[in-house]
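A.B. asks: From first to last, the protein sequence lines are chains F and X.
To convert, take the position in the first sequence, counting from 1, and add 95; that gives our numbering.
To convert, take the position in the second sequence, counting from 1, and add 95; that gives our numbering.
Some hints could be false.
The list treats identical chains as one, so a pair stands whether inside a single copy or across any two.
[Claimed, not checked] Once the Cα atoms are required to be at most 16 Å apart in a straight line, the calculated EDC-like pairs of lysine to aspartate or glutamate come out as: (1) K443 / E676; (2) K443 / E319; (3) K297 / D361; (4) K467 / E402; (5) K532 / D617.
In short, the hints are calculated from the structure, not lab data.
Next come the chains, spelled out residue by residue.
2 protein chains.
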Amino acid sequence: MEPQKLDALRHSAAHMLAAAVLELYPGTKLAIGPTIENGFYYDFKFPEGVSLSENDLPKIEEEMKAIAKGGHAFVRKEVTVAEAKKFEKDQPFKLELIDEFAKESKILTLYESGPFTDLCRGGHAANTKEIPLDGLKLQKLAGAYWRGSEKKPMLTRIYGLLFANRKELAVHLNMLEEAKKRDHRKIGQDQQLFFFDDLIGKGLVLWQPKGTIIRDEIEKLAKEMEHKGGYVRVATPHLAKEETYITSGHLPYYKDSMYPAMAMDDGTYYLKAMNCPHHHVIYRHEPHSYRDLPIRIAEYGTCYRNELSGTLAGLLRVRALTMNDAHIYCRQDQIKQEFQSVLELMMKYFAIFGLEDYWFRLSKWDPQHTEKYINEPANWEIAESAIREVLQEMKVQFVEADDEAAFYGPKVDVMFKSVVGREETMSTVQLDFAAKKRFELSYTDETGQANNGVFVIHRAPLSTHERFMAFLIEHYAGIWPVWLSPIQVLLAPVSVKHADGADVLSKELDADGIRVSVDAADETVGKKVRNAAGKKIPYIVVVGDKELAGEEWMIRVRGQEDQVKMSKADFVAKVLREIKERL
Amino acid sequence: MEPQKLDALRHSAAHMLAAAVLELYPGTKLAIGPTIENGFYYDFKFPEGVSLSENDLPKIEEEMKAIAKGGHAFVRKEVTVAEAKKFEKDQPFKLELIDEFAKESKILTLYESGPFTDLCRGGHAANTKEIPLDGLKLQKLAGAYWRGSEKKPMLTRIYGLLFANRKELAVHLNMLEEAKKRDHRKIGQDQQLFFFDDLIGKGLVLWQPKGTIIRDEIEKLAKEMEHKGGYVRVATPHLAKEETYITSGHLPYYKDSMYPAMAMDDGTYYLKAMNCPHHHVIYRHEPHSYRDLPIRIAEYGTCYRNELSGTLAGLLRVRALTMNDAHIYCRQDQIKQEFQSVLELMMKYFAIFGLEDYWFRLSKWDPQHTEKYINEPANWEIAESAIREVLQEMKVQFVEADDEAAFYGPKVDVMFKSVVGREETMSTVQLDFAAKKRFELSYTDETGQANNGVFVIHRAPLSTHERFMAFLIEHYAGIWPVWLSPIQVLLAPVSVKHADGADVLSKELDADGIRVSVDAADETVGKKVRNAAGKKIPYIVVVGDKELAGEEWMIRVRGQEDQVKMSKADFVAKVLREIKERL
């Protein structure tokens with residue numbers, strides 16, 4: 096179905112929702128009922144004494160359907176402001192809206208559909224019969240302030256989903272269910288990966304030992320990959336003087352997003368808003384010849400954002416973010432090659448994590464809006480063409496988007512479709528022609544002259560630890576591949592008398608480089624195996640007399656019914672291979 | 096010589112210095128002239144037009160010696176305040192001192208030694224002849240405010256060294272010379288390890304790629320060693336809410352040392368003063384059984400200190416310190432074992448770095464000063480005895496010091512004598528009985544009850560990256576062992592036509608895990624070898640036709656005259672073994 100058509104149906108359904116509520120709860124005051132992604136909502140002020148719960152939604156949904164089945168045409172009526180006010184005389188929120196609309200127009204519109212008429216600007220189906228009732232579901236309740244202001248009355252918002260048919264609704268409900276199961280906060284807590292603590296403060300992640308293992312494995316991967324890619328690593332402080340961010344341009348424009356200033360005896364300091372200024376300072380600390388470029392400076396750097404406490408959401412919106420950041424300093428003639436190398440590096444990362452559903456977006460400036468961008472048309476032209484050529488030559492799927500660039504240059508965003516169908520931007524590569532001037536970046540060119548033509552590529556292929564961890568938890572549903580599993584092998588001694596033997600084995604596997612744990616609890620083997628399976632541990636080995644005597648082991652492999660028989664040596668080799676190959 | 100005797104001689108020498116200055120620069124105003132470690136100084140206000148340089152010091156020193164040789168007795172004279180003022184009528188700083196001394200005593204003392212008399216409380220040699228003139232050396236000039244206040248006049252301070260004889264002076268001068276050569280700031284800059292930048296701010300280290308390699312190697316070692324020791328790793332944010340530090344007791348007492356507060360929409364935040372509160376919060380986030388203890392939580396954590404900008408000194412006093420920190424949570428019956436394991440771990444670290452000249456100090460509380468300590472005599476007794484037993488059983492060299500403990504428990508400090516003869520405390524292990532109450536730390540004991548008897552051991556065997564790096568640079572004089580060398584092997588192609596071959600070799604060695612660099616500059620081999628030797632690179636391989644043809648290599652080994660002949664495979668194996676064994 097066309098998006099516009101579906102949107103009109105959703106709008107029509109919102110009218111039906113209001114009609115049903117008025118039918119069931121006479122005296123309810125109506126606020127607004129717009130469409131949203133996947134459906135619609137309507138905000139209501141219920142009469143004194145009525146307190147809705149989600150159990151009431153099926154009843155309202157039935158009433159909506161009954162009214163819609165009546166087959167009422169949506170009839171448009173033009174009215175004067177006075178007529179509108181008269182019609183809505185018992186609806187205080189509508190009266191407030193009428194006053195507002197009246198500033199723009201003397202004629203307002205009412206839409207009648209059978210028993211219910213609403214103040215509305217239009218955009219409906221022709222008849223309520225057109226609403227695909229088998230694609231309809233009232234979803235949930237929420238509180239919402241009138242006009243979004245906490246100084247105004249609290250209303251009850253009813254959310255509805257509407258799809259073209261039963262099947263599309265089912266697909267969506269299934270996806271929601273899956274997303275709930277894969278919720279990174281729940282899995283993060285179940286698996287003891289990370290938490291937040293009110294004493295420490297909001298939006299600040301405390302990584303527990305198991306989460307730190309995954310984090311460290313990702314850092315290890317990044318260090319390996321980027322070492323191969325010719326990057327060098329640095330370590331820079333988490334703060335800098337005000338002057339740094341005036342030079343970079345973050346101050347004063349970005350000040351609200353930054354943490355509060357700290358006045359020291361020698362000036363004002365801020366927590367890092369970005370890692371780039373620190374890297375620029377490292378670049379310019381030593382002289383560079385044209386032969387030394389490109390110089391690729393990488394760091395797991397932490398940046399700080401002063402998010403409002405109410406907007407924080409698990410790992411997806413935090414106040415301190417640690418990212419696999421790097422900045423590449425290159426000459427103009429190196430831009431294409433470096434951009435391509437970065438994109439190839441990204442694609443290698445994605446392959447390792449089994450991420451396949453992605454595409455690229457070339458985000459360009461808009462020459463009509465020079466106030467938003469550094470106004471160097473020649474540089475934009477050179478840079479955008481170079482990047483487009485790279486994308487074309489690499490034969491990757493990409494779209495172009497105007498007016499989406501960074502102020503300092505064009506960028507390539509990598510767009511993902513997550514396993515639960517959500518589209519998001521995970522990684523980005525940005526070209527920067529502003530830094531060279533702001534930070535006086537230069538190199539000595541072939542003629543021995545200082546050359547200011549240093550182009551900077553900003554890139555963070557693995558995003559931040561925080562966002563990437565949330566993404567990976569959802570992607571794997573907590574079933575980590577062997578190389579990322581906090582515990583790779585669980586040894587379950589059959590009885591207390593096998594515990595010491597299991598400990599010895601455990602030390603052996605640990606020395607081999609396998610993350611191993613022993614479940615020495617005084618419980619049945621069955622219970623230990625079930626526990627370990629619940630924790631999604633890749634391999635479980637029950638340790639009894641035979642295993643300790645050196646006979647072949649029976650390996651319980653995660654997700655497999657049948658056990659696998661294998662010698663200890665073969666098993667160790669298999670696990671080590673999987674770790675090495677990052678399977 | 097007895098320290099007290101030497102101090103009296105130094106004090107006497109200070110009088111000689113003032114006498115000599117008055118002789119050479121009549122009209123000079125005298126301030127004060129105390130003794131200090133290794134010598135003495137005197138502060139002067141020289142007459143208008145006199146601008147002293149270090150070139151003038153030999154002349155003053157000669158004059159001092161000439162006066163001292165005169166063999167003048169130090170004669171004590173008691174005078175009234177009025178008499179003292181009359182005597183010092185031309186000396187404004189002395190007059191100010193007299194007014195101050197007069198508050199305490201009606202009778203002041205002057206000391207006469209031949210031509211020079213000074214207001215002084217005494218403590219001299221009997222005669223100026225006793226001053227060991229061959230142990231005397233005027234060392235340097237510095238500016239110093241009168242009474243240390245920037246609102247008062249700037250004076251000229253002359254520093255002098257005085258030892259019992261020529262030999263002791265020579266030893267000290269030699270040590271100063273050695274310390275200067277090994278100065279971590281100089282070597283850090285020469286070797287491009289780290290720097291500070293005024294734009295970023297004071298006391299904030301920017302670790303360059305080569306310094307980051309050393310840092311990373313140290314972290315890798317720590318991760319290995321502490322993994323073997325049964326530690327788990329966590330990662331915690333660099334800040335916390337005010338409430339955290341009220342709970343820990345850092346606020347309000349430690350506030351001046353902390354960075355300024357940051358007011359956010361949900362409370363006040365501070366940069367980390369310590370890592371312990373974050374670890375305590377991680378400990379208590381999950382329930383623990385008595386069987387789970389000890390739990391050892393480790394992190395390379397960064398702490399922040401609001402040092403005054405004027406007191407910062409290279410890596411030795413910085414504003415952000417990253418340390419190999421850990422906290423061990425154990426039962427009382429585990430204290431001894433855990434303390435011993437920590438000391439053993441430390442000694443393993445010291446052996447790896449070739450640190451041999453150290454001893455331990457058991458720092459105890461003072462029951463006479465209960466206001467400085469948590470007042471739990473029984474716990475102090477248990478803890479101090481336990482630690483003493485550990486030190487005795489380990490048969491290590493240790494001293495005991497009263498009134499040197501942390502407020503929350505006794506500690507063991509590791510005292511080092513550096514290669515240049517300076518004593519310093521590098522590492523510390525502290526036992527803490529306060530945290531369990533403050534942070535409500537507990538475990539479930541054998542009876543199933545919550546037990547609050549959780550003892551915490553704080554330990555940081557490798558100190559901070561900053562201090563340890565300064566220490567190591569001095570210790571190795573910048574001649575890093577192979578495993579820490581930022582570049583382990585330098586390939587020096589004989590001519591431009593061997594450059595590609597050297598690059599291929601370089602990639603091979605890199606893939607083997609060796610840090611290798613190619614000097615492809617269009618210069619003579621001799622120059623390349625000299626450059627690399629200057630950079631203290633452990634191995635240099637000249638790459639010419641023979642080497643590329645697979646013949647045996649001639650290896651130039653750092654610090655050795657003769658080259659070593661070796662096949663490529665043997666050389667690679669040798670370097671890899673040295674890396675693995677941390678040689």
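A.B. asks: Check K443 against E676 for me: Cα-Cα at most 16 Å, and say if that holds within a copy, between copies, both or neither.
C.D. replies: within (13 Å within a copy, 33 Å between copies)
A.B. asks: Which holds for K467 with E402 at a C-alpha limit of 16 Å: within a copy, between copies, both or neither?
C.D. replies: The answer is neither: 23 Å in one copy and 41 Å across copies each exceed 16 Å.
A.B. asks: Tell me, please, which holds for K532 and D617 at an alpha-carbon limit of 16 Å: within, between, both or neither?
C.D. replies: Neither: 68 Å inside a chain and 32 Å across chains, both beyond 16 Å.
A.B. asks: For K443 vs E319, is the C-alpha pair at or below 16 Å within one copy, between two copies, both, or neither?
C.D. replies: The answer is within: 12 Å in one copy meets 16 Å, while 28 Å across copies does not.
A.B. asks: Please sort K297 with D361 into within, between, both or neither, judging by C-alpha distance up to 16 Å.
C.D. replies: Cα proximity of K297 and D361: across copies only (8 Å, versus 30 Å in one copy).
Consistency with the previously given hints fails for numbers 4, 5, ordered from lowest to highest.
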